[in-house]
Structure formats: structure tokens, C-alpha cells
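Residue strings, one per chain:
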Amino acid sequence: MVILSRADDQCVTCHNSIEDKPSLLFKNDIHQQNGISCADCHGGDRKSEDADQAMNKKIGYKGIPKGNDITKTCSECHNNQAKMKRFGSSIKTNQLEFFATSVHSGGSIDGGEWIAQCITCHGAHGVSSVKSMQSPVHPANVVKTCTKCHSDPSYMKKYNPSLPVDQLSKYHTSIHGSLNKKGNIDAAECASCHGSHNIYRPADTRSTVNAVNLPSTCAKCHSDVQKMKKYNIPTDQYKKFAKSVHGKALLEKHDLGAPACNDCHGNHGAIPPGVESISNVCGTCHALNADLFASSPHKKAFDQRKYPECETCHGNHEIVATTDALLGVGVGSVCSKCHKSNENQKGFVAAQFMRGLIDSLELSEKNAKGLIEEAQQKGMEVGEAKFKLRDVRQSRLESRTMVHAFNPEKFKDVVNKGLEAAQFVKSEGQSALDEYQFRRFGLGVASFIITLLAVSLFLYIRRIER
Amino acid sequence: MKKIFQWLDERFELDALVKFMGKKYVPIHSHSVWYYFGGVSLFLFIIQVITGILLLLYYKGGEDLAFESIQFIMSKVSFGWLIRSIHSWSANLFVLSAMIHMFSVVFERAYRKPRELTWLSGMLMFFLILGFGFSGYLLPWNELAFFATKVGTDIVGVIPMIGKPIMMLLRGGEEVTGATLTRFYGIHVAILPGMFTILLGLHLLFVQRQGMSEPIEFTNTPEHERETMPFFPNFFLRDLLLWLIVLNVLAILAVFFPWELGVKADPFASAPAGIQPEWYFMFMFQTLKMIPSHVLFIDGELLGIGLFGLAGLVWTLIPFWDRKTARGEHNRFINYIAFFAICYIILLTTIGWLS
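Each protein sequence line maps, in turn, to chains Y and P.
When we follow the working numbering, the leftmost residue of the first sequence carries the number 15, and every step to the right adds one.
When we follow the working numbering, the leftmost residue of the second sequence carries the number 1215, and every step to the right adds one.
If we strip away everything but chain Y, and leave its shape as in the complex, we get (with noise of 0.2 Å):
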């Protein structure tokens, strides 16, 4: 590549005096401002000032380049470390290496190209650098950009009909979208979360907005204490979220049933959710207790408080593993909170109540376990028992669901149906440990017998051989 000044450049010179209009676009370039010729991308002979001569494809003229050859033309310096250093350029050379793996490479309808080109985002005669607000990519921009194509249901329908094309007016809604449209380059656009040359689908674990990566990729801007600063946003969340019981289960053992900071905040139309809305939030995946606790008394008496309802007992990004120690007027328990055996009694007698029989409850499904596992190590057969000692656990589950009715009788019909289950589990238990002994005793018995007639047999064999 020669680098000729721009009234050496006979292309300009021809193209400019015939005003076409990638050669205006291209005054403004950065490319031409940083000394790269039409002919550099084009091919032919710039110095030439006969257009046949200039435009001769048997001296390398290759016209307008279609489909992923203008990717290819834009790679032959995007994708060269020497020669982006010659222009003393920081931009990275793996933009092509990314991008091909992308869900953006994926073929178009004809299958001969590539879904988009360089230029399909960044423009062809006019391109800026990415900082310019002349830039389609700049943040100012990009969701126009992206728009273009995304928000375009009748082009997204010949790839992928089952995306949603109204991202843009959600993204509008959110804080992250006001802000933008305001000009503001801090808050989240599409690259921000998705990625730009390496973006893949959602489901891919490479994804940046993949349900496991999504918690890092918006910390990446909440939990930066700087930007966070002037909008009064606490930056711990992620560190929260990481040791709460959703966080180690999508965060460690990578569940996907866990939710991500999405499944609660939303995404493209992203806020945080409202003191009256948290138990909707909650209650998509934990639809069970949002139910029992809407028809509960503490519905109206949270409400009328501005309580945040699921979040008074259970705390928002840093919810832990419950245990049955949430539940009654000890230590640790929530109920005593607000209940004490002088205030707010009622429910202080309830919560007694309530955790004294999930107490016998969990006790009763031990000795049970206790008793069946002793049968068992004595080689007793009791996979009935075992069996049914699922109903109990079962038993259990279901009463950490009713306790959301804050409703004893209720809890009582709960607990009761798993102290049966224990019960039945116990007697069996016993009855088989009880047969243990009985095959001992009957053991010790017929050996008798028997060993008594191998003597006697024996006695009978020397007297009839002596």
C-alpha cells in the first residue's frame, strides 16, 4: 500500500469532479483522512488519470465488491497487526476471527453470504471512528443501527422468526434506554450487553448475555463504583447475588433454572422492580407461595406498610438457602421481627406454633430414616418403607410452601399428612427390626433341632458300626 497525498490520488481527483456520492461520503472518511486510496479497497491504478487505464481489471481493478468479499477487502488490514501499527492504530486485528463465529455470519437467505458485512454497521465511504458521534456504532447510535435490521419484522422473519422485533420500544422503556436517548454514552445499549463483533445467540455458553455470563456482564458497569457514582446505585449486588442461593446455582453449578439478574429486572425493557411488584417477580417461578401469600393476611398488612412483600423476609440479591430457623419467634426467625409475645401476638402465637410442628415433623422423618436405615444395614428388606419415607421429605417440602399462607390450620393439614407417612415408615421400621430378632431366635432354634438330630444321627452311625 502507497500512501499518495489526495491531489496525487487521480480516483479522487476523477470522482470528486464527477460528484458521486461515495466520493463526498469519503471526504469525511477516516480511512482517507489517515492516506487509504479508493483503490486500496478497489483495486486499479489510482495515479492513472485514463479511467480506462485506471479501471483496468488485468491490472488488479476489482469494481465493487459484494457479499463477503467487502468483509474480506476490510479484513486484508483489520485483520493485519503490521500494517494497523503502520497507521499507528490501537484498534484490535481479531474483529474477523470473532465475527465469523458470530451468529451474524450465519448464511443469509440466497446461503452464499454472510448475514451482515463490515459495512452493513459501520458504513462504507463514510465510516468514523467508533468514539465519533458520526459513527453509526458509537453509543450514541448503535441502537439505531441495530435497529435497523432488528426492529424490521418482515427482514427478521427470513432468519429468525421466533425473535422478538420490539426490543427497541421496551429498550425505550428502561432507565438504560432514557438515558441513551438522552445522549448519555454511560448507560447500556445493544453492544454493551451483547457484544459487537462476538455476538452469539442467547443460548450459546459464549454469549455475553448467556444466563450464566449475563450476572459478570452487568456488573461490568454496576459494580463499577465510579460510574455508579452519580446515580446513587449501590455496586454490590453482583457480590450478593454470587452468594445467594440463585447466584451458586447459575453461577457454580451453572442451573439454568436459576434466575440471572433478567429474569427479575427484565432485560432489553430493564428497571428495577417495585415494592408492589416483587411478589409477581418472584412468584414467576415461585408461583406457588406468591399465590398462598396473596390470599394470606400479611398481603394487606404488607401493602398497607409498603412493605416489599417476598423481599421483607427474604432479603433481594443476597437471598439464602431457607431453613426452618426463618420460621417461629427464636433466634434467627423473621417472624420475630415484627411479632413479639407482646406486640402483635397473634401472629407471635402462630409462629409458635407453626414452627413447633414442622419441628416434630422434621424429627419424626429422622427417627423414621434412622429406623429404616438400621433395618437395612441388618439386611431387612423395607424398600416400601423407604419408599414412603419420600412422602414425609414431600410432606416437608410442602409445608415450607403453606407456611406462605401464614395460616396454622392450614399448616396443621400439611404437617399432619407427613406424621402419618412418618408414623407408617416408624412401625415398619420397627416391625422389621423386630423380625431381625425373630430370625435370630428362629435361627438359634432349628440349629438346635438340627444339630440335636445330626448328634443323635451320629450316635446311631458308631452304635450300628461298633
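Check before you lean on any hint, since a few could be wrong.
[To be verified] Keeping only pairs whose Cα atoms sit at most 25 Å apart, straight-line, the calculated BS3-like set for lysine-lysine is: (1) P/K1478 <-> Y/K392; (2) Y/K402 <-> P/K1290; (3) Y/K392 <-> Y/K380; (4) Y/K402 <-> P/K1216; (5) P/K1274 <-> Y/K400; (6) Y/K76 <-> Y/K97; (7) Y/K383 <-> Y/K426; (8) P/K1290 <-> Y/K440; (9) P/K1290 <-> Y/K392; (10) Y/K383 <-> P/K1290; (11) P/K1478 <-> Y/K440; (12) Y/K400 <-> P/K1290; (13) Y/K402 <-> P/K1478; (14) Y/K76 <-> Y/K86; (15) Y/K314 <-> Y/K402; (16) P/K1478 <-> Y/K383; (17) Y/K86 <-> Y/K196.
If you are wondering where the hints come from, they were derived from the structure by calculation, not from laboratory data.
Following the hints, position chain P against chain Y.
Frame of chain Y; chain P shown alone:
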């Protein structure tokens, strides 16, 4: 008692039978103890038949019922646990006792003329006993049995030409399924017992007709120096005494080590670690595991099966190729082979258990 005997004697001429039994003598020598293992095997077979019939009263063949029916037998049926445990333990002791009986016959050269057919019927019964073990193992339809049967029938399928059709015939399809269970059930309770009873009848008839085999040294001893004991009642009562002891051992094993049922088979689950065949197949299984996948141009598994097949054939035909013993001479080579076989079985079984 005398009157009952007379009543029966009038009708069935039992007197002649008693006189025949009274004339039957058992040689006494330093190896007489081995004679008892035939009787013990017979006793264990009787136990198998009785407990097997009792299990049939409650056992239900079929993929969805087999495991549950055994679970029911073990936990709900009175003494069901005892019957099943005795059936399982006596099956194992039966194989062991038959094995000891077989090796003692070889060491004593009891297969030599004129007892070639007694040996042959015994060997065929031994193969049927292994068949009983293999088919019965699957019947509880538990995880271990399911995968062991899968591996076992897979091995059969390796045999060229006939292997695949035999495997399909055994399984009742490409895979081990409920159809396999039904087949194994039929084989275990009808086909094998029928064949075994015929062979057992012949075997006992031969023994009764030809009497107990005597060691070569014993036949070379002058007649007046040979010691014998009447079969009835002396030997018979000793047999009975041993049977009582075996019965007590079975009861102790059943009470202290009840046969476990395990987990129900799930054909869609992956095979659990540590799948092993019954101990009496372990040496063959271990050998097949240790043979490289290819030996020269031959498939390793096929080579192993071929060698075991050949060894089994040579072993079964001992009376027909051991001419030296047939001439009344002592053939040490047979001792070496039998000794090698015992060491091989013990060693490979131990390796199999430890690995």
C-alpha cells in the same frame, strides 16, 4: 412300621430292592471323603427344586412385575425372605459342590472305563447348572443382573456366524428387555429342570448299576485287604448327617447374609460401575477382560471364547482321550491339567474380585 412295610412289600416287592441295597458296598480308602460331594450336590438340587417351587407361588415374570414380586416375597410373604435366600445361597453352593465333585472325579480317575457315560452325563449336568445360574440371575430384574446379562449375552454374540442368532434367541430381540426376562424365566423353570431331571436320572441309574468307582490303587489291592462299608444304612446315614450340616449352614447364611435385592433395573440408565458376573463365571470374564483387543489378526474376545470352548470340549471328552488311565495306568498329566485348572480359576477369580 413292620406292618406298613409288609403292606407295601405285597404290592411293590420292596424286599428285592432292600436286598439289592443291602448288597451295595462303598469302598473305604483315604479319598472316600470325595464320595460325599455327589450326595451333597443332589441334596442341594432337591433344595433348589423345593424352594424354587415355593418361589413360583409368588414370583411374577415380566418387566413391570418381577422386581416388585421379589420385593413382596422378601418383605410380605411369611418366610419368603428365608425361601429366597436359601434358594440363592443353595444355588451358589450347588455350583461349588458340583465343581468339587467334578474335580474329585478327575483326580480319582473315576471317569475311566466303564464310567465314561456317567462322566458325560455329569458334565452335561454341570453345564446345565451354569445355565441355571445364568438364567436365574436375571429373574429378580435388578440393575446388577440386568447389566450382567447384557454383558454375558453380548459375549455370546461375538461368536462368528452363530453368535448373533443365539444372542437374538436368548434376548428375544436386539436388546435385553422384558422379552429376555420371559425367556430366561421359561428356560429356568421349565426347559433346564426338564433336561436336568432326565440327566440326573441317568446319572443315578449309572451309579447304581455300576457302583462307586474305586481308585486305581484300590483296585490293585488284594481283595481281602479292601475295606468297604454297606451303602445302606451306613453310607446313606453319613450322607444324611452331612445333609443336615449343609442345611444348617444354609439357614445360617440365609439369616446372617440375606440375599440382597438391589435396585430395580432401568434399561435406559447407564451401566453402574463394578458390574460383575456371578463368581463361577468370573474367571472367564476376567480372562476376556485381560486379553488384548486383537491377538495377531484374531479378535481378542473371540479368541478367549474359542479357547474356553476348546478347553471345555477337551475336558468333557477326557475319558475318550486319556488312554493311559483306561489301561489302568496312572496318568500324572491329568493331575497337572486339573491342578492347573483349579489354580487358574482361583487366581483369575481373585483378580476379578479385586479389580
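Consistency of the hints with the structure:
| no. | hint | in the structure |
| --- | --- | --- |
| 1 | P/K1478 <-> Y/K392 | holds (20 Å) |
| 2 | Y/K402 <-> P/K1290 | holds (16 Å) |
| 3 | Y/K392 <-> Y/K380 | holds (18 Å) |
| 4 | Y/K402 <-> P/K1216 | violated (60 Å) |
| 5 | P/K1274 <-> Y/K400 | holds (22 Å) |
| 6 | Y/K76 <-> Y/K97 | holds (21 Å) |
| 7 | Y/K383 <-> Y/K426 | holds (22 Å) |
| 8 | P/K1290 <-> Y/K440 | holds (17 Å) |
| 9 | P/K1290 <-> Y/K392 | holds (17 Å) |
| 10 | Y/K383 <-> P/K1290 | holds (20 Å) |
| 11 | P/K1478 <-> Y/K440 | holds (24 Å) |
| 12 | Y/K400 <-> P/K1290 | holds (15 Å) |
| 13 | Y/K402 <-> P/K1478 | holds (17 Å) |
| 14 | Y/K76 <-> Y/K86 | holds (13 Å) |
| 15 | Y/K314 <-> Y/K402 | violated (39 Å) |
| 16 | P/K1478 <-> Y/K383 | holds (21 Å) |
| 17 | Y/K86 <-> Y/K196 | violated (36 Å) |
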